[in-house]
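K.L.:
Top line first, the protein sequences correspond to chains A and B.
Residue numbering for the first sequence follows my numbering, beginning at 1 and increasing consecutively.
Residue numbering for the second sequence follows my numbering, beginning at 1001 and increasing consecutively.
One or more hints might be untrue.
Claimed, not checked - No more than 27 Å apart at the CA atoms, straight line, and that leaves these computed lysine-lysine pairs for DSSO-like: (1) A:K71 to A:K11; (2) A:K57 to B:K1111; (3) A:K71 to A:K57; (4) A:K57 to A:K11; (5) B:K1111 to B:K1001; (6) B:K1111 to A:K11; (7) B:K1111 to B:K1042; (8) B:K1042 to A:K14; (9) B:K1042 to A:K11; (10) A:K14 to A:K57.
Unchecked claim - Cβ-Cβ distance ranges computed for the label pairs, FRET-style: (11) A:T112 to B:P1112: 41 to 47 Å; (12) B:A1096 to A:T38: 39 to 45 Å; (13) B:D1039 to A:G16: 29 to 35 Å.
What the hints contain is simulated information worked out from the structure, not anything from laboratory work.
Every residue gets a Cβ at the ideal spot worked out from N, C-alpha and C, and that includes glycine.
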Amino acid sequence: DTGVSQDPRHKITKRGQNVTFRCDPISEHNRLYWYRQTLGQGPEFLTYFQNEAQLEKSRLLSDRFSAERPKGSFSTLEIQRTEQGDSAMYLCASSLLAGGYEQFFGPGTRLTVL
Amino acid sequence: KQEVTQIPAALSVPEGENLVLNCSFTDSAIYNLQWFRQDPGKGLTSLLLIQSSQREQTSGRLNASLDKSSGRSTLYIAASQPGDSATYLCAVINNAGNMLTFGGGTRLMVKP
Chain A
1 DTGVSQDPRH KITKRGQNVT FRCDPISEHN RLYWYRQTLG QGPEFLTYFQ
51 NEAQLEKSRL LSDRFSAERP KGSFSTLEIQ RTEQGDSAMY LCASSLLAGG
101 YEQFFGPGTR LTVL
Chain B
1001 KQEVTQIPAA LSVPEGENLV LNCSFTDSAI YNLQWFRQDP GKGLTSLLLI
1051 QSSQREQTSG RLNASLDKSS GRSTLYIAAS QPGDSATYLC AVINNAGNML
1101 TFGGGTRLMV KP
């Protein structure tokens, strides 16, 4: 399978715990994006990387959130001191720098904070 | 700030009907527009991408149009089938190509 993959697919945690999600983009894609989607809403942009550089962050990305893409390949999204409001689907997407910026999405990680 | 609206929020039709989903956006300075399908609890599947210089794209029974100056796009689904039941999301890409802004989606149910 050469699509975008995300791990884990589901995560249940208690309030106050830290969680980390991983995204593996399509191999030749140099742009990687993170979005958050709550029930019944469209996804909202969180941040994106071009190669290993994090170029933009939404104000939705509070200081409890951090994302990395250390070698320009896979990315991790960490949430510290989780809150119940962090419960959502976290979606990762990737695209080429050129070619219309068409974004391809992974299956998402469903986070539930108890 | 770009805002994307999709109407209707939900739609239920009998199998075989042709249908139109609507998407509007407030800022016409877009690079392109994508339509996605999302099944419950799943990720997004890209259906069609329309470049800002194009007026429509077709894939099988799907046809998407774009009127950039009026800030509108439509997704036409011909001869709907129960397997088309899903949420359809419209999203615009800004000129920097660095983020998608999504509408709230149209939840479609096609009844056999």
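K.L.:
State for each hint whether it applies.
P.N.:
Tested hints:
Distance hint between K71 (chain A) and K11 (chain A) is fulfilled; the C-alpha atoms sit about 25 Å from each other, no more than 27 Å. Between K57 (chain A) and K1111 (chain B) the alpha-carbon distance is near 42 Å, which puts this suggested pair outside the 27 Å criterion. Between K71 (chain A) and K57 (chain A) the alpha-carbon distance is near 19 Å, which keeps this suggested pair within the 27 Å criterion. As the CA atoms of K57 (chain A) and K11 (chain A) are separated by approximately 24 Å, the hinted pair is consistent with the 27 Å bound.
Using a Cα cut-off of 27 Å, the hinted pair K1111 (chain B) and K1001 (chain B) is violated, with the two alpha carbons roughly 38 Å apart. Distance check on the hinted pair: K1111 (chain B) and K11 (chain A) sit about 34 Å apart at the alpha-carbon level, beyond 27 Å; violated. At most 27 Å may separate the alpha-carbon atoms for a hinted pair to count; K1111 (chain B) and K1042 (chain B) meet this at roughly 21 Å. Distance check on the hinted pair: K1042 (chain B) and K14 (chain A) sit about 23 Å apart at the alpha-carbon level, within 27 Å; holds.
Between K1042 (chain B) and K11 (chain A), the direct Cα distance comes to roughly 15 Å. Compliance with the 27 Å bound is thereby established for this hinted pair. With a CA separation close to 26 Å, the supplied pair K14 (chain A) and K57 (chain A) stays within the 27 Å bound. Checked against the hint of 41 to 47 Å, the pair T112 (chain A) and P1112 (chain B) fails, with Cβ atoms roughly 33 Å apart. Under the hint 39 to 45 Å, the C-beta atoms of A1096 (chain B) and T38 (chain A), about 25 Å apart, miss the expected range.
The supplied range of 29 to 35 Å is met by D1039 (chain B) and G16 (chain A), whose beta-carbon atoms lie about 33 Å from each other.
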